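Trainee: Chains as they are written, first to last, in the working numbering: chain A, 1 to 368; chain B, 1 to 368.
Hints are computed from structural coordinates only; laboratory data are not their basis.
Values in this document were obtained by computation on a predicted structure and should not be read as measured data.
Keep in mind that the hints are not guaranteed to be accurate.
All copies of an identical chain are treated as equivalent in the list; a pair is satisfied when it fits inside any one copy or across any two copies.
With a straight-line cut-off of 27 Å between C-alpha atoms, the simulated DSS-like cross-links for lysine-lysine are [as the list claims (entries may be wrong)]:
1) Lys152 to Lys93
2) Lys221 to Lys115
3) Lys221 to Lys267
4) Lys232 to Lys210
5) Lys170 to Lys15
6) Lys210 to Lys115
7) Lys367 to Lys267
8) Lys220 to Lys210
9) Lys74 to Lys37
10) Lys210 to Lys236
11) Lys221 to Lys210
12) Lys289 to Lys336
2 protein chains.
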Amino acid sequence: MTVVLPGGVNRSDLKLSDGRTISYYDSLEVNRSATDKRNDESQPGIGHLRLDPLVNEWVAVASHRQHRVFLPPKELCPLCASSGDKLTEIPDKDYEVVVFGNRSPALTTPGVSWKLPQVTGIDTPNADAAGACEVVCYTSDHNSSFAKLPVKQIRTVLEAWKDRDAALSKLPFIEYVFPFENRGEEVGVTLSHPHGQIYAYSFVPPRVEKMLQAADSHLKKTGRVLLDDVIKREIKDEKRIICENQEWIAYVPYAARYPFEIHIAPKRSVARMSDLDEGQSENFASVAKEVLTRLDGVFGIEMAYIAAWYQAPVNLGSDSMRLHWQIVSVRRQPGKLKYLSGSESAMGAFIMDLEPEQSAQQLRAVKL
Amino acid sequence: MTVVLPGGVNRSDLKLSDGRTISYYDSLEVNRSATDKRNDESQPGIGHLRLDPLVNEWVAVASHRQHRVFLPPKELCPLCASSGDKLTEIPDKDYEVVVFGNRSPALTTPGVSWKLPQVTGIDTPNADAAGACEVVCYTSDHNSSFAKLPVKQIRTVLEAWKDRDAALSKLPFIEYVFPFENRGEEVGVTLSHPHGQIYAYSFVPPRVEKMLQAADSHLKKTGRVLLDDVIKREIKDEKRIICENQEWIAYVPYAARYPFEIHIAPKRSVARMSDLDEGQSENFASVAKEVLTRLDGVFGIEMAYIAAWYQAPVNLGSDSMRLHWQIVSVRRQPGKLKYLSGSESAMGAFIMDLEPEQSAQQLRAVKL
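Work the whole structure out from these sequences, hints included.
Mentor: Structure representation (C-alpha cells):
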C-alpha cells in the first residue's frame, strides 16, 4: 500500500518477519515489496513503569534491553539496506528514509485495557511500560549524517516525522510523541548509522510537564504564547541568532544550559509537528542543514549532540506549548566534554562555562 | 583559632594568600599554623544567573571557569599537602580533612545588597551568581578513596559537612546547601585526589523544588513524612535493602533511575545534615563504608559515581523534606556506561535496563 504525503513523499508499509511494520518514505515512486527473509524471532516482553515517589516521576524498567547490539562493525550494521546474504532490518536493497519499530523497545503496545495508574504516592501499582519506540533511518549511506543529507532528503525525513507524529498521537495510550537523535558515542549511541528515534510515551515526560506549566502560566498572565515572546526577545537581542529564513529561526537561547545549544523554531508558531504547513515544511531543510553544518564546523570534528523535538502533548497544551527543536552538544572544546555531574544531574542546576553569546559567535564564524 | 566539634573533632581556620579561608578538621589535637607561601593571586570575578523562561529555571554562567586545572599528574595535584617547594592549596605538610573555597567558583559571595530577582517570565534581569563552592578533601592520601577511609576519618568528614552546612545556612543569600562527590573521569572529575564539594545555592535547585512539592503534598494528604513512608516500604519489601545498622539503612530504591543507585538514610529522620545527633553521627561511617565498598566490588573496579546529599532547603520544608544520601553510578557493565541521552536528558524520562532488585542482589553478593 502506498500513501502520498505532502511534498510528494510516498509511504509504503510492509511487515518484517516478526510482525513489526516497516514504512519506506520515498521522494520518488518506487515499488517497495522486498520481503524480510530472516527467521521469525519472537518479540521481547513488555517492561514496566514504576513511580518514583520522591519526585512523582515514572521510570521505565526494561531489563530485556541489556543485551542489545552495541557498536557493531559496518559490515554488520542492522540499519544498512539488505544485500545478498547480509540480512538487515531493512529488507530492500536500498532506501531513502525508513521507519520501523525498535527491536528492543523500552516502551511498547500494552493490552487493550491498559491504563496509567493514578499517581497516589508510595503505593502506586506498577504498570506495563506502554508506548512506542521507533527507529528513523535518515539515509541508506552508512557514512553520512543528518547535516550531509541533501535538502530534499531532509524534507523526506520531516514528512516521516510528521506522519509518525500524526499516527502515534491517535493511539489511545500515547500522551507525548518525541522525535530525537542521539549522535556520537559520547552520548551513548550504540549504532553509528545515521538515524534518529521516536519515543511515544504513555505519560507526559517530566521536562515537558515543566514546560507546560511555564507556558500555561505565561499564557494566563499575559494572554500570549511563551515561545512567541521568547523568539521576539531573541530577535530583539540579535546577538545569539545563528541563521534564519522566511519561516524558521535558529538561535542560542539566552539561558543556554550546554556549551553548544541551538533552538530552531518556526516563526509562525505551531503546537505540533504534524501542524507544520507546506511553507514551513519546505523551508525547514535549509536552516536545519546550516545549523548542523555549523555545529560540525566549530571544531572541525563531527560533534556529538542530542537533537530533541519539543511540542504540545497529545491531549494538553495545544494553546500554550509550541513546537521547536533543541540541539545540545556536550563538547566544550576538542578534547573536553561537559559532564552532567553533581549540580546538573542531582540538583538540576546547570553551570555553564561558556557565555551563550560566545558560542553563538563561534557558530556564526564557521565558514560554510 | 580552634573550635571543638562533636565527636572530638577539632577545627582550625586559617587564611590562604588570596584571602580564602581554609579549615582543617582533625580527630587529634594538632597545631595548624602553616602559612600559604604562594603569591597572592587575584580572585576570579563573579558569574551571573540567567532565567530559562521555558522551564523557569536558573542557569549559572561562569565563563571564568573554562581554563581550570584538568586532570594534573599526581606530582602537581593541588589537593595534596604542601611539601618543600611544592606549594598546593593546603599549606600544611599533612592533614586529615580540609575544606576551602573553590579557586574557580561557579557561585560566590555577592554584594551586600544582592537579591534574587523575582521570576517574572521573559524579562527577568540577570543577577550575580550568588552562592558558595567549597572543596572538601577527604584525606591527604592521593591514592585513597572515600570507601577506603578508616571509620574514624569518615566521622571527621561528616563533622566537616555538618559544620559547613550550619555555617553556610546562616549566610543571608543561601537557600540550599548541597554536599556531593563526583568520582571518576566518566562523570567529569578534573582532579583525582579523593575529595568532594559543597555547592551552596542562592535559589532552591529545580530537583529539590520538585522533591519539596512531593514531600509537602504527601504531608498534607497523609499527615506523614514522605521519606519515612518510603523507608517503611523498603523495609517491608526487604529485597532491595543493601545493609543497615541501628541508625542507618541503605537500599536500592523501588524506582531507581540508574543501573546502580543506592539511597542511605537515617532511620530516625532529620531535615538537615546539621540536625544529625551523636548516635546518628557515630553510626554513619560503617554503613557508608560498606555501601561504597560493595559498589566498588560489583565489577572489581573503582566505580564512577555521583554521591549527592538531599536535605531540606534553608528556609523551607523542614517539616516535610528529609536528609538522605543518593549514590548513583552510570556504569552498567565493566565496559558499558549508562548515558543520559535523549529520553533522560531532554525529556527527564529515565529508562532502566537493570531491575532494581537485580542490582540490589549484585551489591549484596559482593564479598567484603
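Trainee: Is it within a copy, between copies, both, or neither that the alpha carbon of Lys221 lies no farther than 27 Å from that of Lys115?
Mentor: For Lys221 and Lys115, the Cα distance is within 27 Å only across copies (24 Å; inside one copy 34 Å).
Trainee: At most 27 Å between CA atoms: does that hold for Lys220 and Lys210 within a copy, between copies, both, or neither?
Mentor: Result: close both inside a copy and across copies, 15 Å intra and 22 Å inter.
Trainee: When no copy is specified for Lys221 and Lys267, does a C-alpha distance of 27 Å or less occur within a copy, between copies, both, or neither?
Mentor: within (22 Å within a copy, 44 Å between copies)
Trainee: Indicate which option fits the pair Lys210, Lys115 if close means a Cα-Cα distance not exceeding 27 Å: within, between, both or neither.
Mentor: Both ways: Lys210 and Lys115 sit 23 Å apart in one copy and 25 Å across, limit 27 Å.
Trainee: Between the shortest in-copy and the shortest cross-copy C-alpha distance, which are at most 27 Å for Lys74 and Lys37: within, between, both, or neither?
Mentor: So Lys74 and Lys37 pass the 27 Å test inside one copy only (20 Å; across, 57 Å).
Trainee: 27 Å Cα cut-off: does Lys289 pair with Lys336 within a copy, between copies, both or neither?
Mentor: within (25 Å within a copy, 32 Å between copies)
Trainee: Quick one: Lys170 to Lys15, C-alpha cut-off 27 Å, is that within a copy, between copies, both, or neither?
Mentor: within (20 Å within a copy, 65 Å between copies)
Trainee: Between the shortest in-copy and the shortest cross-copy C-alpha distance, which are at most 27 Å for Lys221 and Lys210: within, between, both, or neither?
Mentor: Cα proximity of Lys221 and Lys210: in one copy and across copies (17 Å, 22 Å).
Trainee: Within a copy, between copies, both or neither: which one fits Lys367 and Lys267 at a CA-CA cutoff of 27 Å?
Mentor: Close inside one copy (25 Å), not across copies (61 Å); limit 27 Å.
Trainee: For Lys152 vs Lys93, is the C-alpha pair at or below 27 Å within one copy, between two copies, both, or neither?
Mentor: Result: close within a single copy only, 21 Å intra versus 67 Å inter.
Trainee: Is it within, between, both, or neither for Lys232 and Lys210, if the alpha carbons may be no more than 27 Å apart?
Mentor: Close inside one copy (22 Å), not across copies (30 Å); limit 27 Å.
Trainee: When no copy is named, should Lys210 and Lys236 be tagged within, between, both, or neither for a Cα gap of at most 27 Å?
Mentor: For Lys210 and Lys236, the Cα distance is within 27 Å only inside one copy (26 Å; across copies 33 Å).
When the structure is compared with the earlier hints, no violation turns up for any of them.
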